[in-house]
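A.B. asks: Take a look at the letters that make up each chain.
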Amino acid sequence: MTKAKDLARKAANLHAFIDQHVPKERLTGALPDISKDYVKLQEEVMWGGVWQVPGLDITLRSLATITAQCVNGWDFGLQHQIRVGLSLGMSPQKIKGIFLQLLFYAGIPATVFALTQAQKVINEQKMWQEEDREPLKAEWLASVEEKLERGRQIRRNTWGRQADVDLESTLSQELVPETADLVDAYNYGEAWARGDLTPKERMVCILVALMCRGHMRQLKEHIGYALNMGIGQREICEVFSQAGWYRGWPYVEEALEQAKSVFEGEG
Amino acid sequence: MNTVTELQKKSAKLRKFFDQHIPYARPTPVLADFVRIQHELMWGGVWLADGLDLRLRSFATIAAQCVNGYDFGVEHQVRTGLTIGIAPQQIKGIFIQLLFYAGVPATVSGLRIAQEVINEREEWKFADVPLDVDWLNSIEDMLNQGKTLRIQNWGELADLEFENSLAKQLVPEASDLVDGYHFGQVLALADLSPKERTVCILAALMCRGHMKQLKRHVGYALTVGLSRKEVCEVFAQAGWYRGWPHVEDALEEANEVFKERGL
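The listed protein sequences correspond, in order, to chains H and G.
Using this note's numbering, the letters of the first sequence map in sequence onto residues 1 to 267.
Using this note's numbering, the letters of the second sequence map in sequence onto residues 1001 to 1263.
There's no promise every hint is true.
Below are the DSSO-like pairs computed for lysine-lysine, each with C-alpha atoms no more than 30 Å apart in a straight line [stated by the list, open to error]:
| hint | chain 1 | residue 1 | chain 2 | residue 2 |
| --- | --- | --- | --- | --- |
| 1 | G | K1013 | H | K137 |
| 2 | G | K1259 | H | K137 |
| 3 | G | K1212 | G | K1259 |
These are computed hints drawn from the structure, not numbers from a lab.
Construct the complete structure from the given sequences, taking the supplied hints into account.
C.D. replies: Put into structure tokens, the structure is as follows:
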């Protein structure tokens, strides 16, 4: 039996670590006065519970949560989760890399908004600012064709041959070929080639973005690619369960339905 | 195949035109690499792709931003639309049309931001002349006029589908109000052409993921005179402002309709 008291204690322990850089006024903010009951729920369910469930490490939980917040688009939510991510040890460039990756899954406005929030949070701490002064040196290729080729290689090596076949024969390749080439070139050929996120981290971002916007058919395909990459079944399910708290639980049920059918197909 | 240098050149030229009326200096980019991708891919690529003219791309983008609801995004795209030469009343017309697809708050916020941007320039303020609208006196009249317009623009099949909607059956009073004001009044406004309205509606349905209704509207779009290519490009354009997976979903619906019609 899991006792509420234990959850509250676990929440307090986690807070002591991840809130170390939260400005005082945020910690002593108005929420407890607005609804003590909500705060109790949040502490026991989220910080004492979901965030500490086995099966997915806390940095990937943070990444999944930041992604969900990017799709949501609330400034306070993004700021808070970016701070948690930085406190967990993610570098400023990694945080920005998440939002760059999401350009292709949540759209330009979501990326622009999230990057702006990230910079605000990074500027709160000297050490984060200093780390942020070393931007990634990306190796930009000179033509769309070269980018497409590098993207194909990356896709084959990380997601497997089937992914490459699926993604070569999308409807967008057939119906809006010029734009589809640009997407593929810049997504797989440039964003994926960057060193700011690992392939696993990128995949977590994509799974969450697809779930949070309800793209179930595409999510199903990507669950297959995630398995090909070596991400475990349990990890995939925990990614959904983590992000779902920041977007709504019905999304988790839908995503798990897709996951189950992929797992069963694989035996 | 485009070299990156070509994309950059095209982008710089288009931005010089689009950004001529921005009343403030662009802030230092948070992530220079993102700005680079945005320039090459969006301004050098997508906005200039064949198959859909710049004005209709602007309509699709404003509709996507309205659904997104970020103030900075709506503001920026309203300004771009005005710069391209879309009239202030047309810009407002987009948000009025979207009332029926994205809801009251999205429209109210869009209209408020539109007015602020229009007020930035004398020439836009001057052009901001309210339409002379014939408001009908009864819901019945509106429903009648709406039926006529619906058939005229979108065809008999569209009319039949709206007459048989579940809303008509289960929430008939509200449904009559929607149909009366939407089809009988808003569709009759002269600010937007039927084609422009349809572009806004396609973008809104795609961005909110209403795939069943989107499929019907792809059919209406073809009837109103948008080509197969134009429909696809509306999705590709709006998708950049909402996320590419929406484009794949929308194209799947569109492709079904194209097949049914032997296109």
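A.B. asks: Hint by hint, say whether it matches the structure.
C.D. replies: Quick rundown of the hints versus the structure:
1. K1013(G) - K137(H): holds (27 Å)
2. K1259(G) - K137(H): Status violated; Cα separation ~46 Å.
3. K1212(G) - K1259(G): holds (16 Å)
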